[in-house]
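Trainee: Below, each chain spelled out in residue letters.
Protein chains: 2
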Amino acid sequence: MREVAIVGVGSTPFGRVEGTGLVELAVAACREALADSRVPRGQIQALYVGNFVGERLASQGSLAALLAGRLGLPGIPATKVEGACASGGIALRHGVLGIALGLYDFVLVAGAEKMTASPTPEVTAALATAGDEEREMRTGLTFPGAFGIIMREHMARYGTTREQVGLVSVKNHGLGAANPKAQFRRRVTLDEVLGSRLIADPLRLFDCPPISDGAAALVLCPADRGRDFHRTPVRVLGSGHATGPATLWETTDLTSFPATVRAAREAYAMARVTPAEVQVAEVHDCFTIAEIVATEDLGFFPKGKGGPAVEEGWTGLDGKVAVNPSGGLIAKGHPVGATGCAQVYELVRQLRGDAANQVRNAEVALAHNLGGTGVVSTVTILGRL
Amino acid sequence: MREVAIVGVGSTPFGRVEGTGLVELAVAACREALADSRVPRGQIQALYVGNFVGERLASQGSLAALLAGRLGLPGIPATKVEGACASGGIALRHGVLGIALGLYDFVLVAGAEKMTASPTPEVTAALATAGDEEREMRTGLTFPGAFGIIMREHMARYGTTREQVGLVSVKNHGLGAANPKAQFRRRVTLDEVLGSRLIADPLRLFDCPPISDGAAALVLCPADRGRDFHRTPVRVLGSGHATGPATLWETTDLTSFPATVRAAREAYAMARVTPAEVQVAEVHDCFTIAEIVATEDLGFFPKGKGGPAVEEGWTGLDGKVAVNPSGGLIAKGHPVGATGCAQVYELVRQLRGDAANQVRNAEVALAHNLGGTGVVSTVTILGRL
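In order, the protein sequence lines correspond to chains A and H.
The opening residue of the first sequence carries number 1 in the numbering used here; numbering runs sequentially from there.
The opening residue of the second sequence carries number 1 in the numbering used here; numbering runs sequentially from there.
Honestly, I wouldn't trust all of these hints.
Here are some, though not all, of the chain A residues that point toward chain H, as calculated from beta-carbon distances under 7 Å [claimed, not checked]:
(1) R56
(2) L66
(3) R231
These aren't lab readings, by the way, just hints derived from the structure by calculation.
Glycine included, each C-beta is placed from N, C-alpha and C at the ideal position.
Just chain A, with the same shape it has in the complex:
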């Protein structure tokens, strides 16, 4: 397999983007990524797009083919992939494989979602399609509900405290405040988190991500040509993609996602990197508790120690591993199909050394994208070229 480099990145601001539709968001991110690289547009041979509920919330299917035309890339194979909130990570996975396996030399990858133009109940219903409709969601379970159950179990089993979980929100909002692309730019205190409106006990409003519009895009090429197309190319060291149980009732351990564990194992093996070597990570904090679970499943901390790790500051910018320097889904925003690409957008900027919340001397970075309550996950490990 050939090594792959990322030589261009782009991202719209995340948040409520009035008057801009799904396709236009994707176009904007792709144009920024293409302009950031020196790959001529005409060299792009394939396009992968991650998008979750475009047909439902934006009445737009065929997004990848449509986007290829809109970008002036006529004729190229263009594929939309969907794996709920992990759609962006799956799109990147396919772009990486296309180059690694020698099928293409230049691939454009994008993720996009338009959510704020729809009524909130319809957004909630659309997001719930990430779960098993016939066998679980039909009972009325929502994703805040599912992660509330997970949080309660984590607290009961490991002694994780409500305060430790809340500190994830304090950290991520603090980081988001300095990120110009983030949806929420205001720091919050632990008192504010713990005093915010109850959503799905014990999760409160500030434990949850917002409804967001946004898109992010990446330009890929073979690593041995990376320097021709960007002065600081970033190398894809490893990539993993795995599935897990679709429902809570099939889950044998509510505090761990097997899809994350498997995808991470695959990515670490390919990258020949250990969890201890990762200096900065963007993990799928679709809720505060999900960040703690992810840092354990990814091997940054032993099972049950993710809560104390937050309290000790080990996941802060100067910690053992800086987690979600972008502000994460909770503060940066979570346009679901875009998230997997936006995580890598942030990490490429970290490895280039020009991130908004720069981690010092970052050399190895990890992106973790999760769909549903763990039905699918991708893990991507990046390094300096």
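Please build the complex by placing chain H on the supplied structure of chain A, with the hints as guidance.
Mentor: Relative to the frame of chain A, chain H by itself:
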């Protein structure tokens, strides 16, 4: 690139399948395909699923990951791809690439759609998301409307007659009558077609496909191991995937789809096959006129001669090239995400020699899948191993 074989196929009956949901349809087709091959379930390394409007009509996203779990294939990378009505063809394309490029040895590919449980206006709205919502569909254009415009142009430019187009419906309903998996099992006369209800002038009811439920699935492995897993494996000779204009107003020629022409060129070159060598084809007759356009775009007949070819019987079972022996989308049914896989299901059975409407001595077969009004197309060429 390694050569790829298809060693198992499965398909549900198409039509209104009461009480069976999207996931169960997909499970049924996959189980049949796995049972048809000798590939042990535990050997399957990846799953690709084509599905278009599952989030919208069945409240079910995450379909690929969900299906992997339901089939007892825990952990494997499972990816849903979406390209409107070409979703199934794109899923197959990715399965083929995964084996051809050496990433996997055994891949399961499926396509599925559940449409009949939703009110017809919602189905129409969901299907319209295949077009460009912001720049065309918002005006009120529907797919019958778009193909009515295409039919009118084909008639005006080439002298194609209303009767020639109607004969596609007569042929396909006649073939569907003998196909036990087809939704419509009744022959129709030309008078019935021409006297049926006007849908979008000049298209009438019997020029259109029904709303359908259904799923189809395929098991793939390297061609050099094909005989280990089926007594009559079928070889994938060529595969093409291309995009084209998303809207009618960007189309320079209303009577041809550049995506089809490009995908066919790629597939023919890879297969080293000429159009004249294709003996049997399943083409995307989402409307009668679409079959005529496809037979021209695929090079079976010169531009403008597709109408007379039908009249002369050249696309019949004993014709120059047997087109849509399954009954096509018009008679077999069109559960949109399933169609690309169902076409290949039929052709594999043709090449095995056990199809319901068997073409004598079929050795080279072609499947053509189209999304929207030509925004994306896949072409797959198959041969005996």
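Trainee: Decide, hint by hint, whether the structure agrees.
Mentor: Hint by hint, here is what the structure shows:
1. Here the hint on R56(A) is kept, as its CB sits about 5 Å from the closest CB of chain H, short of 7 Å.
2. This hint holds: L66(A) has a C-beta 5 Å from the nearest C-beta of chain H, less than the 7 Å allowed.
3. At its closest, the beta carbon of R231(A) sits 31 Å from a beta carbon of chain H; the interface hint therefore is violated under the 7 Å criterion.
Violated hint: 3 only; the structure is consistent with all others.
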